[in-house]
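Sequences and hints are given; from them, build the entire structure.
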Amino acid sequence: MLEVGATLNRNTLVLSMLVLGGVLTTAGFIMAFFFTPPVLGPAITNEAGRIIGYQPLFSQKIFYFHVPVALSSFLVFFFTAYYGVRFLMTKDRRYDTRAKVATEVTLMFVILTMATGILWTRFEWGRWWVWEPRLTTYFIMTLLVIAYFVLRNSIEDEERRATYAAVFGIIAFIDAPISFAITRVIPSSVHPVVLRSGGGLTGSQLVALLIGLFGMLMIAYAIYHTRMREELVHDRIEAVKAALEG
Amino acid sequence: MDPVLAEIYALVVPSLPYVAGAYALLWIALVVYIGMTYSRVGRLEKEIAVLEESLERRGVSA
Chain A
54 MLEVGATLNR NTLVLSMLVL GGVLTTAGFI MAFFFTPPVL GPAITNEAGR
104 IIGYQPLFSQ KIFYFHVPVA LSSFLVFFFT AYYGVRFLMT KDRRYDTRAK
154 VATEVTLMFV ILTMATGILW TRFEWGRWWV WEPRLTTYFI MTLLVIAYFV
204 LRNSIEDEER RATYAAVFGI IAFIDAPISF AITRVIPSSV HPVVLRSGGG
254 LTGSQLVALL IGLFGMLMIA YAIYHTRMRE ELVHDRIEAV KAALEG
Chain B
1305 MDPVLAEIYA LVVPSLPYVA GAYALLWIAL VVYIGMTYSR VGRLEKEIAV
1355 LEESLERRGV SA
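Going down the list, the protein sequences come from chains A and B. Just so you know, the first sequence maps onto residues 54 to 299 in my numbering. Just so you know, the second sequence maps onto residues 1305 to 1366 in my numbering.
Bear in mind the hints are in silico, worked out from the structure with no lab data behind them. Just to be clear, a hint being listed does not mean it is correct.
The calculated label-pair distances, taken between Cβ atoms and stated as ranges, are [stated by the list, open to error]:
hint, chain 1, residue 1, chain 2, residue 2, range
1, B, E1360, A, A80, 41 to 51 angstroms
2, A, V183, B, V1308, 30 to 40 angstroms
3, A, P90, B, R1347, 47 to 57 angstroms
4, A, L68, B, P1318, 37 to 47 angstroms
5, A, T143, B, V1354, 25 to 35 angstroms
6, B, E1311, A, H287, 51 to 61 angstroms
7, A, R237, B, A1333, 23 to 33 angstroms
8, B, V1354, A, R180, 50 to 60 angstroms
9, A, T255, B, R1347, 41 to 51 angstroms
10, A, R147, B, M1340, 20 to 30 angstroms
11, A, F131, B, A1328, 22 to 32 angstroms
12, B, A1333, A, A80, 12 to 22 angstroms
13, B, E1360, A, T79, 23 to 33 angstroms
For each residue, glycine too, the CB sits at the ideal point set by N, CA and C.
Here you go:
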């Protein structure tokens, strides 16, 4: 009875986090549009070719939901590696399930990061895709996340599948910090370094970004937990079916 | 057209489909994914309730 009560409380908490995440991301978005100063873009030149001013970029508003989704994808992907390590240490199947669900949430966020980023790139850089370091390393991460599921689906034996997936997940995660730090390592990159000390963002820009980021992380947690709930119920159904048949 | 308004529209209108498209895509994908997950969880929980009931009737423990 106590267990049922705890589960219900947890489900209510997850639902609350999902709603709060939606509210926070919307608040961050509204703040980005109505309270943060515009970012100045390409120079306006006169007939003689001299710079007479800069124009504000409306397309930069994509930043306020593109970056939270991208940062969330890195963070959730960390849990693939973490649960992979835990699985290899303990051989407990629950960690394999957690790693699989974390990677599934990562895939969702990676696809959304790519989609929103591509739309931004198309408008600001005039092309759908640019082979610059950040985009390339993130694209590699996307392929690795997809490859994780290809690997899982290609192995029948549960024990081997879990072990291979754990090792692959740990190795694949190495690309995440590389992708995050690449714009700092290769400063010639056209992709801006946003999170840095010394004037990367103004106060209101940072607040709008952080509100969106916290909201997106709450949504990520709620999705992860709901998918875990689904996996647990699924396992329970299999156990009950086995008991009924036996 | 008012030159100030013309300048504002010139800034906003060309990028509007990309900004709106990116935002809509993000939310549609998240809402559909979350909706599908909740719907599957609901269906599975109904299934487990029925199975556990029949398990109880038979007096078998899982």
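Range agreement (Cβ of A1333(B) with Cβ of R237(A), hint 23 to 33 angstroms): Check passed, 30 angstroms falls within 23 to 33 angstroms.
Consistency of beta-carbon spacing, R1347(B) to P90(A), with hint 47 to 57 angstroms: This hint holds: roughly 48 angstroms between Cβ atoms.
Supplied distance hint 25 to 35 angstroms, evaluated on CB atoms of T143(A) and V1354(B): Taking Cβ atoms as reference, T143(A) and V1354(B) lie about 34 angstroms apart, which means the hint holds.
Consistency of beta-carbon spacing, P1318(B) to L68(A), with hint 37 to 47 angstroms: holds (40 angstroms)
F131(A) versus A1328(B) beta-carbon gap, inside 22 to 32 angstroms or not: holds (29 angstroms)
C-beta pair A1333(B), A80(A): status relative to the range 12 to 22 angstroms that was hinted: holds (20 angstroms)
A80(A) and E1360(B) - C-beta distance against the hinted 41 to 51 angstroms: holds (47 angstroms)
Cβ distance range 20 to 30 angstroms for R147(A) and M1340(B), holds or violated: holds (24 angstroms)
Cβ separation of T255(A) and R1347(B), checked against the hinted range 41 to 51 angstroms: holds (48 angstroms)
Range hint 23 to 33 angstroms (beta carbons of E1360(B) and T79(A)) holds or violated: violated (45 angstroms)
Cβ separation of E1311(B) and H287(A), checked against the hinted range 51 to 61 angstroms: holds (57 angstroms)
Supplied distance hint 50 to 60 angstroms, evaluated on CB atoms of V1354(B) and R180(A): holds (55 angstroms)
The earlier numbered hint that this structure contradicts is number 13, and it is the only one.
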